[in-house]
Amino acid sequence: MLIAHPDPTLPNEPPPGALPADVEIALEMRALSVWYGARKALDSVSFAVPARKITALIGPSASGKSSLLRCLNRLNDEIADCRIEGEVLVGGANAYAKDIVVHELRRRVGMVFQRPNPFPLSVYDNVAYGPRLLGVKRGHLLDDAVESALRAASLWDEVAARLDDSALELSLGQQQRLVIARALAVGPEILLMDEPASALDPASTLRFEELVRELALRYTVLIVTHNMQQAARVSDYTAFLHEGRLVEFGETDALLTNPRERLTEDYITGRYA
Amino acid sequence: MNVAAKGEAGTWLVAGAAAACLAALLALLAWLTLAGLAALWPSRIVEARLDDGRNALGEIVASSDAALAIRTSERDRIGGGYVRLLRSTIASTSEPDDAFVVALADGRRLYGRGDASVAAAAQRDSGSPEAEETVWPNALGFFGRAGLFVRHAGRFLATSTPAPALVGGVLPALIGTVTLVALMSLIVMPLGVAAAVYLHERRGFAASLVRGAIANLAGVPSIVYGVLGLGLFVHGLGADLDRWFFADRLPVPTFGAGGLLWAALTLAILTLPVVVVSVEEGLARIPPSLRAGSLALGATEGETIWRLLLPAARPALLTGLILAIARAAGAVAPLMLVGVVKLAPALPVDATFPYLHPSRQFMHLGFTVYDAALAGPDALRGVPRAFAAALLLVAVVVALNLFAIVLRNRLRERYRALES
Numbered sequence: 001m002l003i004a005h006p007d008p009t010l011p012n013e014p015p016p017g018a019l020p021a022d023v024e025i026a027l028e029m030r031a032l033s034v035w036y037g038a039r040k041a042l043d044s045v046s047f048a049v050p051a052r053k054i055t056a057l058i059g060p061s062a063s064g065k066s067s068l069l070r071c072l073n074r075l076n077d078e079i080a081d082c083r084i085e086g087e088v089l090v091g092g093a094n095a096y097a098k099d100i101v102v103h104e105l106r107r108r109v110g111m112v113f114q115r116p117n118p119f120p121l122s123v124y125d126n127v128a129y130g131p132r133l134l135g136v137k138r139g140h141l142l143d144d145a146v147e148s149a150l151r152a153a154s155l156w157d158e159v160a161a162r163l164d165d166s167a168l169e170l171s172l173g174q175q176q177r178l179v180i181a182r183a184l185a186v187g188p189e190i191l192l193m194d195e196p197a198s199a200l201d202p203a204s205t206l207r208f209e210e211l212v213r214e215l216a217l218r219y220t221v222l223i224v225t226h227n228m229q230q231a232a233r234v235s236d237y238t239a240f241l242h243e244g245r246l247v248e249f250g251e252t253d254a255l256l257t258n259p260r261e262r263l264t265e266d267y268i269t270g271r272y273a
Numbered sequence: 001m002n003v004a005a006k007g008e009a010g011t012w013l014v015a016g017a018a019a020a021c022l023a024a025l026l027a028l029l030a031w032l033t034l035a036g037l038a039a040l041w042p043s044r045i046v047e048a049r050l051d052d053g054r055n056a057l058g059e060i061v062a063s064s065d066a067a068l069a070i071r072t073s074e075r076d077r078i079g080g081g082y083v084r085l086l087r088s089t090i091a092s093t094s095e096p097d098d099a100f101v102v103a104l105a106d107g108r109r110l111y112g113r114g115d116a117s118v119a120a121a122a123q124r125d126s127g128s129p130e131a132e133e134t135v136w137p138n139a140l141g142f143f144g145r146a147g148l149f150v151r152h153a154g155r156f157l158a159t160s161t162p163a164p165a166l167v168g169g170v171l172p173a174l175i176g177t178v179t180l181v182a183l184m185s186l187i188v189m190p191l192g193v194a195a196a197v198y199l200h201e202r203r204g205f206a207a208s209l210v211r212g213a214i215a216n217l218a219g220v221p222s223i224v225y226g227v228l229g230l231g232l233f234v235h236g237l238g239a240d241l242d243r244w245f246f247a248d249r250l251p252v253p254t255f256g257a258g259g260l261l262w263a264a265l266t267l268a269i270l271t272l273p274v275v276v277v278s279v280e281e282g283l284a285r286i287p288p289s290l291r292a293g294s295l296a297l298g299a300t301e302g303e304t305i306w307r308l309l310l311p312a313a314r315p316a317l318l319t320g321l322i323l324a325i326a327r328a329a330g331a332v333a334p335l336m337l338v339g340v341v342k343l344a345p346a347l348p349v350d351a352t353f354p355y356l357h358p359s360r361q362f363m364h365l366g367f368t369v370y371d372a373a374l375a376g377p378d379a380l381r382g383v384p385r386a387f388a389a390a391l392l393l394v395a396v397v398v399a400l401n402l403f404a405i406v407l408r409n410r411l412r413e414r415y416r417a418l419e420s
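Which chain is which? The protein sequence lines are A and B, in order.
Quick note, the first sequence lines up with residues 1 to 273 if you use the working numbering.
Quick note, the second sequence lines up with residues 1 to 420 if you use the working numbering.
Note that these hints are calculated values from the structure, not bench results.
No experiment lies behind these values; they were computed from the predicted model shown.
Every residue gets a Cβ at the ideal spot worked out from N, C-alpha and C, and that includes glycine.
Take the hints with a grain of salt, since some may be wrong.
[Stated by the list, open to error] The following residues of chain B were derived to be distant from chain A, with all beta-carbon distances above 10 Å:
no., residue
1, W31
2, A35
3, L209
4, P287
5, R307
6, A312
[What the hints assert, rightly or not] Derived EDC-like pairs (lysine to aspartate or glutamate); straight-line CA-CA distance at most 20 Å:
no., chain 1, residue 1, chain 2, residue 2
7, A, K98, B, D350
8, A, K137, B, E303
9, A, K40, A, E104
10, A, K53, A, D266
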């Protein structure tokens with residue numbers, strides 16, 4: 001007879017940002033702070049993102065969600081007056097270490113943007129863009145890479161007959177799945193999504209969320225959303241950011257139904273002004 | 001009711017201005033077309049009988065209320081047969097059906113009356129070994145004249161220019177113009193695109209200095225570029241090249257004289273500003289999200305520019321090319337200093353290796369217009385010829401631009417969704 005004992009070494013309520021020890025970690029932030037010029041966008045944020053799970057990042061506008069995301073693949077490097085402190089561990093290695101090659105890091109940490117941003121190329125060339133950067137030239141190898149990425153993004157059936165059409169002719173929902181296929185084609189470990197469904201209609205959004213759930217079987221997903229229902233439907237874990245600080249992090253069900261912090265409760269119940 | 005209060009006065013004003021511009025453009029084109037084509041249309045032969053019993057047979061080349069100028073047979077030299085007749089001394093004029101004109105291979109024209117044997121005798125007497133054509137224009141109907149016109153036009157386009165540069169075709173000038181513009185495009189496009197990419201990627205004091213400098217280049221008069229080309233390329237670089245590589249031929253210059261390459265380089269500098277400005281604008285119009293998307297896929301800055309931004313900016317590249325061609329094909333002044341000649345002994349492109357001869361001097365339609373209209377010894381022949389050459393020059397520019405515009409519109413079609 002098996003009786004589940006609560007582990008006496010674990011406290012009942014872990015502090016914000018902590019995970020049970022048996023959870024595999026894909027990505028970890030340690031005291032991450034970001035400044036844009038003199039403005040501090042992120043203030044000493046620390047938490048770990050579990051591997052092959054979906055972690056939602058919620059919080060009001062300008063709470064630093066996008067800034068945080070753009071630190072993880074170092075896209076903030078492109079902004080001239082942006083300054084970063086702290087550590088970002090991707091698979092255990094600091095992404096801001098001197099010996100990290102930025103474009104190799106970005107292949108491991110893919111990104112999907114708020115509005116679908118397909119390149120003005122054909123559907124095929126959009127997906128093949130990444131593999132071609134990696135030097136894949138042979139026709140059938142490239143064909144295979146494109147097909148499997150499109151299948152993984154559950155777009156293959158819709159576009160198999162129109163691979164040579166311009167990607168800009170696809171619907172917005174299809175475009176957003178296309179940019180996911182494009183990101184998958186370079187073989188990332190982590191997918192960052194910045195409010196990826198905000199430009200989509202409700203039907204496309206549901207379809208998109210289904211896809212995100214499927215992707216979580218193989219990839220670690222970190223998704224920014226300001227839609228509480230979406231966070232509840234999609235994510236396993238949720239982090240709540242407020243004015244650049246991490247207020248609370250935990251399993252989504254627990255955080256949404258039984259928040260520990262007053263601020264979190266106000267936000268998720270809509271009392272936040 | 002007050003018209004201005006309804007805002008109609010302004011509408012009429014701007015619409016009127018637009019209509020005036022359009023009318024001026026159409027008038028210019030119509031006039032040029034008429035004058036250019038008239039130069040090739042076969043004219044009638046007139047016989048004028050004078051009061052004193054003499055008569056003059058030939059083509060009327062100018063007329064006024066007081067007098068007629070007639071080109072009669074040129075027995076010794078081109079331009080040697082003009083006569084001016086006071087209308088008061090002319091008893092009668094007629095257009096006899098048996099009047100013929102013999103166009104000799106050296107450009108002279110002989111007029112006479114009679115059948116083919118008379119014409120052949122006239123040609124033999126002239127000392128010219130052969131005649132280009134012998135026609136009886138007064139006997140021809142409209143379609144006969146039209147056929148002759150087509151033959152003249154074909155000869156004008158497709159034959160080379162003989163020595164006095166007053167008669168014959170303009171094929172060398174046509175080839176020279178097209179080759180020059182093509183070579184100029186090959187030089188200016190990579191240079192201009194690279195400069196535009198630099199200015200687009202670098203924001204800062206140095207970049208804005210360069211940007212200002214390039215924008216100001218567009219305002220420099222074109223003859224200044226000619227002097228620059230002469231000093232920098234012909235006398236500077238060209239002389240050095242001769243010393244280093246063609247010393248055995250000195251003192252005969254190879255690159256140390258004006259030539260196709262130096263002219264193309266000079267025009268490339270002349271057109272650089274328009275290319276840089278339009279390519280930079282095209283790059284600026286590409287949404288930043290595309291650039292971020294490419295970087296997020298692990299592309300480096302260079303890969304992003306080369307594989308994504310430049311292809312997406314192709315319509316702007318072609319706009320730059322169109323503007324460059326339009327400016328370059330019309331620039332004659334700088335070319336006069338760096339390689340254009342009235343009569344070139346050989347074409348800049350031919351069938352002998354290496355096919356393109358960048359050191360050769362060349363002929364150019366724009367210069368042909370100037371030369372025929374003002375600098376030739378025979379103004380009565382030259383001015384119609386200048387019109388025909390000008391019409392051809394406009395046609396060449398329009399054709400080159402149309403090609404680029406069609407290409408651009410096809411690309412625009414592909415990127416239309418991007419611009420919305």
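Here is how each hint holds up against the structure:
The beta carbon of B/W31 sits about 44 Å from the closest Cβ of chain A, which is more than 10 Å, so the claim that it is off the interface holds. A cut-off of 10 Å between C-beta atoms confirms that B/A35 is not in contact with chain A; the least separation is 46 Å. Residue-level check passed: B/L209 sits 19 Å from the nearest beta carbon of chain A, beyond 10 Å. Residue-level check failed: B/P287 sits 7 Å from the nearest beta carbon of chain A, not beyond 10 Å.
Not every beta carbon of chain A lies more than 10 Å from that of B/R307, the smallest distance being close to 7 Å; the non-interface claim is violated. With a least CB separation of 5 Å from chain A, B/A312 falls inside the 10 Å interface cut-off, contrary to its annotation. At roughly 58 Å between alpha-carbon atoms, A/K98 and B/D350 are farther apart than 20 Å, so this suggested pair is violated. At most 20 Å may separate the alpha-carbon atoms for a hinted pair to count; A/K137 and B/E303 meet this at roughly 15 Å.
Distance check on the hinted pair: A/K40 and A/E104 sit about 28 Å apart at the alpha-carbon level, beyond 20 Å; violated. For the given pair, A/K53 sits about 26 Å from A/D266 by alpha-carbon distance, which is inconsistent with the 20 Å threshold.
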